[in-house]
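Colleague: When you get a sec, could you build the whole thing from the sequences and use the hints?
So the chains spell out like this:
Protein chains: 2
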Amino acid sequence: MPENYSNLVFGEDVAVLAGDSLLAFAFEYIATVTTGVPPSRILAAIFELAKSIGAEGLVAGQVVDIASAGVSDVGLDQLEFIHVHKTAVLLEASVVLGAVLGGGNKEEVEKLRKFARCIGLLFQVVDDILDVTKSSAELGKTAGKDLVAEKATYPKLMGLEKSREFAEKLNEEAKDQLSGFDSGKAAPLVALANYIAYRQN
Amino acid sequence: MPENYSNLVFGEDVAVLAGDSLLAFAFEYIATVTTGVPPSRILAAIFELAKSIGAEGLVAGQVVDIASAGVSDVGLDQLEFIHVHKTAVLLEASVVLGAVLGGGNKEEVEKLRKFARCIGLLFQVVDDILDVTKSSAELGKTAGKDLVAEKATYPKLMGLEKSREFAEKLNEEAKDQLSGFDSGKAAPLVALANYIAYRQN
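Chains A and B are the protein sequences, given in the same order.
Take 1 as the starting number for the first sequence in my numbering and just add one per residue.
Take 1 as the starting number for the second sequence in my numbering and just add one per residue.
For the record, the hints were derived by calculation from the structure and aren't laboratory data.
It is possible that part of the hints are untrue.
Where chains are identical, the list cannot tell them apart; a pair therefore holds if satisfied intra-copy or between any two copies.
In the SDA-like style, the derived pairs of lysine to any residue whose C-alpha atoms are separated by at most 25 Å in a straight line are [said to hold, decoys possible]:
1) K145 with L157
2) K151 with D13
3) K151 with V37
4) K151 with F10
5) K86 with I66
6) K114 with T32
7) K106 with S179
8) K169 with V84
9) K162 with A187
10) K145 with D13
11) K162 with L139
12) K169 with V14
13) K151 with F166
14) K86 with G19
15) K151 with V14
16) K106 with P39
17) K151 with L101
18) K86 with Y195
19) K111 with N201
20) K114 with L97
21) K145 with V109
22) K175 with G19
23) K86 with S6
24) K111 with T32
25) K86 with Y29
26) K151 with L178
27) K86 with T32
28) K86 with N7
29) K106 with T35
Modeller: See below:
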């Protein structure tokens, strides 16, 4: 853990309170700063953000992650649950909030939700692959961390080759969701998926 | 601390996460369950709730409270800041949310805000008075706790008699805010102020 983490600088109690205030401020910010959008859409965005954080979102992923620490038989389902809830859910919220505020219909929102969930999971699969295939110098952070920590990872549970196939499948599945949208407008999202899939560090 | 506090039963980490999820759920609930109210008013209510929790509200009070622990020269201003932010702000949010959702105009909302802030501070002043004037049996909890903890309290800082006068003044100031409202509709709020002022435990 870097030594400038706020819990180390200001203490655990103040760090938790800072988190609480930032969490509340996210809702305050959306409620007050969003302009040019009907209030009903802003409320829908607030609902999406709250859901992504709460007991069905980030918190669920974190609790299962904590409960899995030091457990040797973490399976693929559990690993995917953790990654979908800890990582993918925040990408999902980012993408879905844009879709909702932009006035996407239900079908469009759900396609973009699936897109985001795929690239969120993809991010983790690629992270796991890089951890065992790259040097620390190439990564810009310590390589092999997961092995040392005996963490459940995709390469550990399904092997390196199958992990790469899974990553490829997730990237395709993500981009499939974008086929019905204007290709010019979707281009940045395609580029984002490819960036996450093919990043080297 | 009772032994069934969630941090003791489930661990500090899970207790913090439970708090985060409940915090997010409060916004999810308001955004989805409120019916018969224009979305713009629901957004105004979300803004009020978020502000009461964040860095200008509850979190500010809690941080100053933490910073004041073990400090011998806590003054009246600092004590009032802590109580206004830790206690009164939540009564304020409860009252103001009702006023906002009910369609109160700005002046009405501000009067009710002041009412709530007064009874919130009143609650703490009375709490401090009861701690030094009642027995544990009368309170239903340990009396004299504040003295043992060497906590700054109103009786300690201004004496018992002046604390009683301050409590009376806060009760009057609270009820003054209600004078412009329909007296039948305001009656429960008057009763609430008196209940807080004259409670014996």
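Colleague: Next step is simple, just say for each hint if it's right about the structure.
Modeller: To see whether the hints hold, each was checked on the structure:
{"no.": "1", "hint": "K145 with L157", "result": "within (16 Å within a copy, 55 Å between copies)"}
{"no.": "2", "hint": "K151 with D13", "result": "between (28 Å within a copy, 19 Å between copies)"}
{"no.": "3", "hint": "K151 with V37", "result": "neither (44 Å within a copy, 49 Å between copies)"}
{"no.": "4", "hint": "K151 with F10", "result": "between (29 Å within a copy, 23 Å between copies)"}
{"no.": "5", "hint": "K86 with I66", "result": "within (11 Å within a copy, 30 Å between copies)"}
{"no.": "6", "hint": "K114 with T32", "result": "between (29 Å within a copy, 22 Å between copies)"}
{"no.": "7", "hint": "K106 with S179", "result": "within (16 Å within a copy, 49 Å between copies)"}
{"no.": "8", "hint": "K169 with V84", "result": "within (16 Å within a copy, 55 Å between copies)"}
{"no.": "9", "hint": "K162 with A187", "result": "neither (28 Å within a copy, 70 Å between copies)"}
{"no.": "10", "hint": "K145 with D13", "result": "between (28 Å within a copy, 23 Å between copies)"}
{"no.": "11", "hint": "K162 with L139", "result": "within (22 Å within a copy, 66 Å between copies)"}
{"no.": "12", "hint": "K169 with V14", "result": "neither (43 Å within a copy, 34 Å between copies)"}
{"no.": "13", "hint": "K151 with F166", "result": "within (19 Å within a copy, 59 Å between copies)"}
{"no.": "14", "hint": "K86 with G19", "result": "both (16 Å within a copy, 17 Å between copies)"}
{"no.": "15", "hint": "K151 with V14", "result": "between (29 Å within a copy, 20 Å between copies)"}
{"no.": "16", "hint": "K106 with P39", "result": "both (17 Å within a copy, 19 Å between copies)"}
{"no.": "17", "hint": "K151 with L101", "result": "neither (38 Å within a copy, 49 Å between copies)"}
{"no.": "18", "hint": "K86 with Y195", "result": "within (20 Å within a copy, 46 Å between copies)"}
{"no.": "19", "hint": "K111 with N201", "result": "neither (28 Å within a copy, 57 Å between copies)"}
{"no.": "20", "hint": "K114 with L97", "result": "within (13 Å within a copy, 36 Å between copies)"}
{"no.": "21", "hint": "K145 with V109", "result": "neither (36 Å within a copy, 55 Å between copies)"}
{"no.": "22", "hint": "K175 with G19", "result": "neither (34 Å within a copy, 36 Å between copies)"}
{"no.": "23", "hint": "K86 with S6", "result": "both (20 Å within a copy, 22 Å between copies)"}
{"no.": "24", "hint": "K111 with T32", "result": "between (28 Å within a copy, 22 Å between copies)"}
{"no.": "25", "hint": "K86 with Y29", "result": "both (23 Å within a copy, 22 Å between copies)"}
{"no.": "26", "hint": "K151 with L178", "result": "neither (33 Å within a copy, 61 Å between copies)"}
{"no.": "27", "hint": "K86 with T32", "result": "between (27 Å within a copy, 24 Å between copies)"}
{"no.": "28", "hint": "K86 with N7", "result": "both (20 Å within a copy, 22 Å between copies)"}
{"no.": "29", "hint": "K106 with T35", "result": "both (22 Å within a copy, 21 Å between copies)"}
When each numbered hint is compared with the structure, violations occur for hints 3, 9, 12, 17, 19, 21, 22 and 26.
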